[in-house]
Amino acid sequence: MLELNQADYSAIILTLKLAGLVTLILLVLGTPLAYWLATSRSRLTPVINAIVALPLVLPPTVLGFYLLIAMGPNGPLGQLTQMLGISGLAFSFGGLVVGSVFYSLPFVVQPIKNAIQAMGSRPLEVAATLGASPLDRFFSVVLPNAKPGFLTAAVLGFAHTVGEFGVILMIGGNIPGETRVVSVQIYDHVESLEYAQAHQLSALMMIFAFVVLLLVFQLNRKQSRVNHVF
Amino acid sequence: MFFNSLHKHQDADSMRYLSVNVRINRPQFNLNLNTKILLSGVTAIFGHSGSGKTSLLRCIAGLEKHSQSSIQFGQTYWQNKHTFLPTHKRQIGYVFQEPSLLAHLTVRDNLNYAIKRAGKNRHISESQVVELLKLTPLLAQFPATLSGGEKQRVAIGRALLAQPQLLLMDEPLASLDLKHKYEILTYLEQLKQQLNIPIIYISHSPEEVARLADQLIMLEKGQIISHQSIEQSFDLLNQANRQLNEQAVFLSAELIETAQQWQQMKVALKSAGKKSTTYLWLSQINVQPEQELRLKIMAKDVSISLQQAQGSSIQNILPVVIEKIETLDSGMQLITLNAGEHLLYAKISNKAVHDLKLYAGMPVYAQIKAAALI
Chain A
1 MLELNQADYS
11 AIILTLKLAG
21 LVTLILLVLG
31 TPLAYWLATS
41 RSRLTPVINA
51 IVALPLVLPP
61 TVLGFYLLIA
71 MGPNGPLGQL
81 TQMLGISGLA
91 FSFGGLVVGS
101 VFYSLPFVVQ
111 PIKNAIQAMG
121 SRPLEVAATL
131 GASPLDRFFS
141 VVLPNAKPGF
151 LTAAVLGFAH
161 TVGEFGVILM
171 IGGNIPGETR
181 VVSVQIYDHV
191 ESLEYAQAHQ
201 LSALMMIFAF
211 VVLLLVFQLN
221 RKQSRVNHVF
Chain B
231 MFFNSLHKHQ
241 DADSMRYLSV
251 NVRINRPQFN
261 LNLNTKILLS
271 GVTAIFGHSG
281 SGKTSLLRCI
291 AGLEKHSQSS
301 IQFGQTYWQN
311 KHTFLPTHKR
321 QIGYVFQEPS
331 LLAHLTVRDN
341 LNYAIKRAGK
351 NRHISESQVV
361 ELLKLTPLLA
371 QFPATLSGGE
381 KQRVAIGRAL
391 LAQPQLLLMD
401 EPLASLDLKH
411 KYEILTYLEQ
421 LKQQLNIPII
431 YISHSPEEVA
441 RLADQLIMLE
451 KGQIISHQSI
461 EQSFDLLNQA
471 NRQLNEQAVF
481 LSAELIETAQ
491 QWQQMKVALK
501 SAGKKSTTYL
511 WLSQINVQPE
521 QELRLKIMAK
531 DVSISLQQAQ
541 GSSIQNILPV
551 VIEKIETLDS
561 GMQLITLNAG
571 EHLLYAKISN
581 KAVHDLKLYA
591 GMPVYAQIKA
601 AALI
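Top line first, the protein sequences correspond to chains A and B.
Take the first sequence: its position 208, counting from 1, is numbered 208 in the working numbering, and each next residue is one higher.
Heads up, the working numbering is the position in the second sequence plus 230, with the first residue counted as 1.
Excised from the complex, chain A in its bound form (with noise of 0.2 Å):
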């Protein structure tokens, strides 16, 4: 029953591409950033914990649009790419990977800081005492503690890169292959009044999207039942 062209497959494939690489991305930096973010006393934590919470309440317009501008040759980020010698950002998968990684930023830190503060700091002090060093201590306790948060931050993190759009048009544009995802592609098919393949690749979002708060609502589920047991 389902007729998806050529072009949405590879919207598709495009779309899973991204959200894999930046969930990636943002576990391997969204983690530091969170058990600082955690465990620090430092001034600066309301500040950063700011700073990453931007992307909820910014309209995604104005989050690509600086990142547009960023992205220009005048731009820190153009500046950084020239010298680099690669090529510009804007309207690349490369700017929407970076584009991405500031907009899915707080889905995935805040799970893991919730997941460190909820572990308290006693078995990191347990572990101390034990001859565990920082990084031991971070591996041997804070990963096996926290997990059920990074499966929480994984799983949001991926899904809401997916159901990206304002963003992508900003600093991405449309070109096939390259930036344009499924959200991107809905809108196209809907433009040239399409309505059937938008309805078709709709709904597959919606389906994911159920899917994926469906698993995180387990998971959650789960998670607190064991709370109970200690």
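Mixed in with the good hints there might be a few duds.
Below, simulated DMTMM-like cross-link-like pairs (lysine to aspartate or glutamate); rule was C-alpha separation at most 20 Å, straight line [said to hold, decoys possible]:
| hint | chain 1 | residue 1 | chain 2 | residue 2 |
| --- | --- | --- | --- | --- |
| 1 | A | K147 | B | D339 |
| 2 | B | K350 | A | D136 |
| 3 | B | K346 | A | D136 |
| 4 | B | K422 | B | E487 |
| 5 | B | K319 | A | D188 |
| 6 | B | K319 | A | E125 |
| 7 | B | K504 | B | D465 |
| 8 | B | K577 | B | E553 |
| 9 | B | K295 | A | E178 |
| 10 | B | K346 | A | E125 |
Label pairs and their calculated CB-CB ranges [claimed, not checked]:
| hint | chain 1 | residue 1 | chain 2 | residue 2 | range |
| --- | --- | --- | --- | --- | --- |
| 11 | B | E361 | A | L213 | 50 to 58 Å |
| 12 | B | F259 | A | T45 | 19 to 27 Å |
| 13 | A | T39 | B | L564 | 50 to 58 Å |
| 14 | B | L564 | A | L143 | 57 to 65 Å |
| 15 | B | N310 | A | Q79 | 42 to 50 Å |
| 16 | A | P144 | B | K504 | 50 to 58 Å |
| 17 | B | N262 | A | L213 | 25 to 33 Å |
| 18 | A | P134 | B | S249 | 24 to 32 Å |
| 19 | B | E294 | A | L58 | 34 to 42 Å |
Treat the hints as calculated values from the structure; they're not laboratory data.
This structure is a prediction, so every number in the text was calculated from the model and none was measured.
Each residue gets a CB set at the ideal place from its N, CA and C atoms; glycine is no exception.
Assemble the complex: chain A is given as a structure, and chain B must be docked to it using the hints.
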């Protein structure tokens, strides 16, 4: 008995001290102390909650960092103006007030966590710890399925397997019910006898301290008010006990002889580490000749007679002098009795004090109905 090889090092160790100079000044909390803690036996830190006991222990462990403080372990500076050795590099074991096992690991893996990270100089083996604390049936379980007492036993075992040169214990019995408290106290006593690790032990229970400690540091409002041997501290502990509405005296004693046919033993009270000529008969228990015994005599178990009673069933009668008479709330009087080098309390009704015409300085006889070994 497992750890005989350790005792060779005892002399060298006894020369060593932990020098602690801690200054914490916050609006609601001050801790200012400078002392040398003997790195041998059990040093109890005693004080009410809020007196700074836990902060002191956390400073020693490096869990708290306060500038202007210095901690010197033997020859090594753990903290001074220029250095701060992080917790994981200090060779300590730490037992927290509430049992703090790593919830995601089984008991065996909790022990292994310490074993894997312990230094090369290993003097305590896993089998010794498992046997001493009876951990075998618990090894495969997760912490969530253990009772409070079992968790604390595992936590103590895990701290030992970190091969500490100093064991820090922050009220390890405070979160336990009475039954588990006595169970763990027994283990701690064995640990003290069998392992030669200096222990700093925080408590606010006079009886726990009187039972376990060799030295006592008494803290009040963030300052040391006494740091002496436990025997010299008994009076302070008696006072602390009275604040808890328990009138009793702590004494230390040594076995003189046993009378097998009566299942009784004769002990001499000790003063300043020496046997005195004040003797008591107690129910016999299994003790070694040189082993130090700690006794508790409740004021309600001591009565007074003007003459040495003839034909009394009470075995322990000591000539004493009344030192002080104080009125308690309950229509009773607390009489402080001086038995040479030792004090006793007797709790007597107002009427009896009046009828016997008791006064301070009066020579009388103290009849001790019961003395408990603690």
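Verification of the supplied hints:
| no. | hint | verdict |
| --- | --- | --- |
| 1 | A:K147 x B:D339 | holds, 18 Å |
| 2 | B:K350 x A:D136 | holds, 18 Å |
| 3 | B:K346 x A:D136 | holds, 12 Å |
| 4 | B:K422 x B:E487 | violated, 25 Å |
| 5 | B:K319 x A:D188 | violated, 62 Å |
| 6 | B:K319 x A:E125 | holds, 13 Å |
| 7 | B:K504 x B:D465 | holds, 17 Å |
| 8 | B:K577 x B:E553 | holds, 14 Å |
| 9 | B:K295 x A:E178 | violated, 53 Å |
| 10 | B:K346 x A:E125 | holds, 17 Å |
| 11 | B:E361 x A:L213: 50 to 58 Å | holds, 52 Å |
| 12 | B:F259 x A:T45: 19 to 27 Å | holds, 24 Å |
| 13 | A:T39 x B:L564: 50 to 58 Å | holds, 53 Å |
| 14 | B:L564 x A:L143: 57 to 65 Å | holds, 59 Å |
| 15 | B:N310 x A:Q79: 42 to 50 Å | holds, 47 Å |
| 16 | A:P144 x B:K504: 50 to 58 Å | holds, 56 Å |
| 17 | B:N262 x A:L213: 25 to 33 Å | violated, 56 Å |
| 18 | A:P134 x B:S249: 24 to 32 Å | holds, 27 Å |
| 19 | B:E294 x A:L58: 34 to 42 Å | holds, 40 Å |
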